[in-house]
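Trainee: What follows is each chain in one-letter form.
There are 2 protein chains.
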Amino acid sequence: MQWTKVLGLGLGAAALLGLGIILGHFAIPKKSNSPAPSISAPQDLDLEILETVMGQLDAHRIRENLRELSREPHLASSPRDEDLVQLLLQRWKDPESGLDSAEAFTYEVLLSFPSQEQPNVVDIVGPTGDIIHSCHRTEENVTGEQGGADVIQPHAAYAPSGTPQGLLVYANHGTEEDFKELQTQGIKLEGTIALTRYGGVGRGDKAVNAAKHGVAGVLVYTDPADINDGLSSPSETFPNSWYLPPSGVERGSYYKYFGDPLTPYLPATPSSFRLDLANVSGFPPIPTQPIGFQDARDLLCNLNGTLAPATWQGALGCHYRLGPGFRPDGNFSADSQVNVSVYNLLELRNSSNVLGIIHGAVEPDRYVLYGNHRDSWVHGAVDPSSGTAVLLELSRVLGTLLKKGTWRPRRSIVFASWGAEEFGLIGSTEFTEEFFNKLQERTVAYINVDIAVFANATLRVQGTPPVQSVVFSATKEIRSPGPGDLSIYDNWIRYFNRSSPVYGLVPSLGSLGAGSDYAPFIHFLGISSMDIAYTYDQSKTSARIYPTYHTAFDTFDYVDKFLDPGFSSHQAVARTAGSIILRLSDSFFLPLKVSDYSETLRSFLQAAQQDLGALLEQHSISLGPLVTAVEKFEAEAAALGQRISTLQKGSPDPLQVRMLNDQLMLLERSFLNPRAFPEERYYSHVLWAARTGSVATFPGLSNACSRAMDTASGSEAWAEVQRQLSIVVTALEGAAATLRPVADL
Amino acid sequence: MQWTKVLGLGLGAAALLGLGIILGHFAIPKKSNSPAPSISAPQDLDLEILETVMGQLDAHRIRENLRELSREPHLASSPRDEDLVQLLLQRWKDPESGLDSAEAFTYEVLLSFPSQEQPNVVDIVGPTGDIIHSCHRTEENVTGEQGGADVIQPHAAYAPSGTPQGLLVYANHGTEEDFKELQTQGIKLEGTIALTRYGGVGRGDKAVNAAKHGVAGVLVYTDPADINDGLSSPSETFPNSWYLPPSGVERGSYYKYFGDPLTPYLPATPSSFRLDLANVSGFPPIPTQPIGFQDARDLLCNLNGTLAPATWQGALGCHYRLGPGFRPDGNFSADSQVNVSVYNLLELRNSSNVLGIIHGAVEPDRYVLYGNHRDSWVHGAVDPSSGTAVLLELSRVLGTLLKKGTWRPRRSIVFASWGAEEFGLIGSTEFTEEFFNKLQERTVAYINVDIAVFANATLRVQGTPPVQSVVFSATKEIRSPGPGDLSIYDNWIRYFNRSSPVYGLVPSLGSLGAGSDYAPFIHFLGISSMDIAYTYDQSKTSARIYPTYHTAFDTFDYVDKFLDPGFSSHQAVARTAGSIILRLSDSFFLPLKVSDYSETLRSFLQAAQQDLGALLEQHSISLGPLVTAVEKFEAEAAALGQRISTLQKGSPDPLQVRMLNDQLMLLERSFLNPRAFPEERYYSHVLWAARTGSVATFPGLSNACSRAMDTASGSEAWAEVQRQLSIVVTALEGAAATLRPVADL
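Which chain is which? The protein sequence lines are A and B, in order. The numbering of the first sequence is the UniProt record's numbering, which starts it at 1 and goes up by one. The numbering of the second sequence is the UniProt record's numbering, which starts it at 1 and goes up by one.
Rather than coming from a laboratory, the hints here were simulated on the basis of the structure. Built from N, CA and C at the ideal position, the CB exists for glycine as well. Don't take every hint at face value.
[As the list claims (entries may be wrong)] Quick list of simulated restraints, FRET-style, between CB atoms:
id, chain 1, residue 1, chain 2, residue 2, range
1, B, Gln618, A, Asp611, 54 to 62 Å
2, B, Gly515, A, Ser499, 56 to 64 Å
3, B, Gln618, A, Glu177, 52 to 60 Å
4, B, Glu103, A, Arg602, 27 to 35 Å
5, A, Gly148, B, Ala690, 40 to 48 Å
6, A, Asn279, B, Asp537, 52 to 60 Å
7, A, Asn279, B, Thr311, 56 to 64 Å
8, B, Leu647, A, Gly148, 54 to 62 Å
9, A, Leu348, B, Leu647, 39 to 47 Å
10, A, Gly186, B, Ser713, 46 to 54 Å
11, B, Leu647, A, Asp611, 51 to 59 Å
12, B, Gln618, A, Glu680, 31 to 39 Å
13, A, Pro328, B, Ala712, 53 to 61 Å
[Stated by the list, open to error] Derived pair list, reagent style DSS-like, types lysine-lysine, alpha-carbon separation capped at 30 Å:
id, chain 1, residue 1, chain 2, residue 2
14, B, Lys256, B, Lys188
15, A, Lys256, A, Lys212
16, B, Lys632, A, Lys93
17, A, Lys632, A, Lys593
18, B, Lys403, B, Lys93
19, A, Lys632, B, Lys93
This is chain A alone, in the form it adopts within the complex (with noise of 0.2 Å):
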């Protein structure tokens, strides 16, 4: 009869431990002796907040940082350039939708622009020595954007003054073959003045090679053929279609290399040595001079002289003759020559980059880097401005999230407008000059979204192996644009695709060259490196880049009308950069897949052996130790992911993910070699650095057999093929011993 009550208060007794016992677990924090908990233990990737993020990207907002960045020509160091620059630090400041903090970081740069007095200028000289025709000096008047005073005339930047004058030939694109083959065909260069279509080599290259003949001046022209599908009439082109109208003229930088070119290796700061302009090497030898294609019609359709090759053929509608000169039944007297004025003016000009940080959570220490070029030639609207319009757009998404105080990122994120990259990647290179050290040591990758959109077909992303896994996560997550229910990923591989030996069936990611502000990144400084952008589809166009490429026709109604209505491809790229942002800020473990490398060697190394391989026997030289050295870089990065993957399934201590990460974050860094080519400036990468060689190997190898190719044995050329061949493999063993476990020997 007692019993009950001692059961009530046994059960209330196990009621109230319990209490305690649920209390004492839940509401009092852990002491220990450990440091303060863990702030990094919670934090990986959110994917509710990627959603968020996704779904916050606003088209309509892209299209209206683009009406704004490309309102008026804003050409590197102008006032406009100037404005944006305010714009940007405004946007970036902003309390409700900026991020941490914002800076503009100013340089004294060497920019080469046309003279206002006296403008460049390309006049047919008859017999007499009088003018009877003139080149147009600038572009048609069509939209009403193309006649301010602030549309930088045509010119070819950093291509010496000069006034020749003489007969008139035609080389193609101007390479060493073309201006060999025009030789071959018995044709006079010296004195002449020589007029070469773009595409095939680099602008300035064609002025070096046709110096090298004597030539004295030279003209480059956009072919219909190259650009428009053939089409060059007005009634064709812009406005009427996306192709680019007659009088179009494609602006370009013709320097060899990049960065500013008085402060190689130095950040131009305003005390910073300069390089006497008597020792800048890189120029044009000659003047150069860029126009139209009516312009090119009317001197090419009338030379003299023999048939051009079936390859040099294009669609002035007309049959391309080789000159020299005119053809005594043309327009011109056959005795007719051009001259060629050029005035341009080298100035110091202050150009600023604008760099924007959000302060990550964990792991600050860590900069996932963001970026593109604020400058223009003209209105730039798709050339930098789409990209800027997207970069503008994600600030603006993170920074409200972040201002809300939502989130937070477990690494910081840096976003970076660079100035004067039209002149050569100017901004982006001196940035990199100046933190050096800071940038090596700590960025994870850099994501670079110059013209975010060339057309709406397709993605189309430039990039190192370590990339491609995190660029495939994202993509396969997003919802293409345009009709379908196809992912961005399954609508990529339609377009570009490859057959890997891991994967199978992928879209291809392209190699990065030094066509945009990653170039510093990924050749001087190692750092995992991607180019996004939309594009077109080469079944249905064969237009090198989108026509009105560097002209003033590339304006707002141009994207809005033609490359991209309603802005859904701006979407999808501000998405996919968003969203491999996020990835790599965000992730616990980083995203970046090193053995994704050993497909690249391998193809590498089979090029080599399937294309060099017999010459190199014939020299006694043995890819033996190549084969050694790539074997073991695949084997390291397979038991790496391996490692990686265990670990994932446990709850591993933030410091060993922290020192797995920086594994993969500094792999990149290990096939850096800055004595490897020190005759390319920049150039250290081992992997990517320029290939002048035909064969699809390592850079310094291809390249130094095909200058070996005709000497005899023992001579300089095949020891620097074999000094070429140690550097890669000291490359490749070294990287695969940086993949270790961190404790072996």
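Mind docking chain B on chain A? Use the hints.
Mentor: Frame of chain A; chain B shown alone:
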């Protein structure tokens, strides 16, 4: 009447609740979505372990190590050198006292030896062509250890073979100035043999300078004034004292650079690219041979010609004359000539480094690297076996704690025994070439103990500023050997001190040249390094180095009887190195004080301002940007120090500390610029590169100024001064940027 019961129940309930709370809190491990409780938490420097290690480092065992190591000559790549590789592997793999793992890394390197068949000879040849006197080919066998077949004949390593013969001249140290002096004295140097004494310049420089003046062959000897405090008789020298016997000859490498001469910047693997001998630079241009001072006396005391300047006189007991040729009243007829026949051979030999590692428990990817070379010229009891004896005792004590499970360091500790150092730091250099990135990314510091004990008076440390503080902390806690109760620090400060603007009177650290294996680590990789030894009281002896250096008299008995009877100085060095290693490997916060670089920069800056300021101004070069850069560095370094002490007061997250430690560890890297001094092989550190200029400031600036000095403004030389100024400003600004809060732009 009921209330007591209620109260009782209440109390019981409270007790139960409380018990529950306690159980819940302590008895049940907290579960969370966070990674496992950080293993990194508790691990910091353990003073008890430190004390244990200090106590267990045993002088007697060091003595026994030395006896074994120096029992036989162990020239690089000799059979005995290979035996010692096995000895090290066996010690480091010992189950009771070994490390986690150990391994030998072998390279195929170019060494230089005298011919066995055809010994190098130095003869005096009479007018009739017959040999009237011959110098000794070997050292006198005074202890029974100098006669062995494995005692290498004295030679100038890498000096070319040849048999020049000519009149003898005396050229003092063989500096550029010395040969100029001979010229001004009207002495024809063409075709002569120059007798020089060690000191003044590097070995190889004597031959380089001589060859510039047409000298045909060079002899090098050690003057008793420079090494023996003037004493030279057998009764006054070893085995009767520590002084060099008359027949002793200093051997050495005469190669200008370091590393394997055939594989600059590449590891000397069997398959590596190797230079043709014709393309190797840095070897002495003319036959060269070292001799003992008894032979030098025969030559020098019979010279003809004018009396040498007072500063050229030595302690051979005669008036030194300049020559050319012998005096009529001497031992040799006046027109006798000296013939120097050198038959050195270059051979590709296998040389091994031995590496051993203790895996770090928390940060295994951070390496504290401690090493010494293994190879000697003969028995090398002092050089290098005194260091190796210490190395083995340290690895034994730490290995024993490890195997017992008593201790495991926070970071990894790597022990290194380098090969072929005597020929030019070859083993260590090849190692840095092979593992460049891995080492540069992960090495906390490099500690070198080559010659552990020169003498018993005091500690002597060379190192870069960030290591000063850890050296001070360690040495303050260790009793110095010998009478009295001073700490090593308090004894040290009596011999080497300076007045620091920050700390007042402190022991002064020397700066690191290229005298031992630290060179590639500091100059090529930018790793904070130090070299530790016990040395003599410079007020008691003027010896440029311990007298039997690089001779067959550097034996165990020499050390046991004269250098360090009782081995207490060896023990002191072992304790110092051991304490430094533990502090670097176990401290939660890295004990590298980067702000100590500010003093160096300040002093370099002041020297530049005082000694170059006016000159630079004349050429309108401003030091303003350098001043700003130094001030920036000072401010950022101080601020970082503040942040660290604040953090130390709290209980910081291990990741936060890792990030700070990375800033400390990597600072030294930011002073590297591989493009700063392209002609100076391996030297990339803009603060410690070899300084040829007289002004004690930034080496690039100092050297460029001394070259530009006599050229006109606007010369290339002055442009180079400006370039060097920008290089150092960029490095300092870049370094300051790495010290800022990591999330700052």
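Trainee: Hint by hint, note whether the structure agrees.
Mentor: Evaluation of the provided hints:
The hint said 54 to 62 Å for the Cβ distance between Gln618 of chain B and Asp611 of chain A, and at roughly 59 Å that hint holds. For the pair Gly515 of chain B and Ser499 of chain A, the beta carbons lie near 57 Å from each other, so the given range of 56 to 64 Å is met. Between Gln618 of chain B and Glu177 of chain A the beta carbons are some 54 Å apart, a value that agrees with the proposed interval 52 to 60 Å. Separation of Glu103 of chain B from Arg602 of chain A is about 28 Å and conforms to the stated range, judged on CB atoms against 27 to 35 Å.
At roughly 58 Å, the beta-carbon separation of Gly148 of chain A and Ala690 of chain B lies outside the given 40 to 48 Å, and the hint is violated. For the hinted restraint 52 to 60 Å between Asn279 of chain A and Asp537 of chain B, the CB-CB distance of approximately 54 Å keeps it satisfied. Against the hinted window of 56 to 64 Å, the Cβ-Cβ separation of Asn279 of chain A and Thr311 of chain B comes to about 44 Å, which falls outside the hint. For the pair Leu647 of chain B and Gly148 of chain A, the supplied restraint of 54 to 62 Å holds, since their beta-carbon distance comes to about 56 Å.
At roughly 44 Å, the beta carbons of Leu348 of chain A and Leu647 of chain B sit within the given window of 39 to 47 Å. Restraint check, Gly186 of chain A to Ser713 of chain B: a C-beta distance of roughly 52 Å satisfies the suggested window 46 to 54 Å. Between Leu647 of chain B and Asp611 of chain A the CB atoms are about 57 Å apart, so this pair conforms to the stated range of 51 to 59 Å. Our hint of 31 to 39 Å for Gln618 of chain B and Glu680 of chain A holds, since their Cβ atoms are close to 38 Å apart.
Between Pro328 of chain A and Ala712 of chain B, the C-beta spacing of about 59 Å keeps the proposed range 53 to 61 Å intact. Between the alpha carbons of Lys256 of chain B and Lys188 of chain B the distance comes to roughly 27 Å, so the proposed pair stays at or under 30 Å and holds. Taking the CA atoms of Lys256 of chain A and Lys212 of chain A, the gap is about 16 Å. The hint holds against a cut of 30 Å. Distance restraint check for Lys632 of chain B and Lys93 of chain A: the Cα-Cα separation of roughly 26 Å lies within the 30 Å cut-off, and the hinted pair is therefore satisfied.
This hinted pair checks out: Lys632 of chain A and Lys593 of chain A have alpha carbons roughly 17 Å apart, not beyond 30 Å. Using a Cα cut-off of 30 Å, the hinted pair Lys403 of chain B and Lys93 of chain B holds, with the two alpha carbons roughly 11 Å apart. For a cut-off of 30 Å, the pair hint linking Lys632 of chain A to Lys93 of chain B stands: about 26 Å separates their Cα positions.
Going through the hint list in order, the structure does not satisfy hints 5 and 7.
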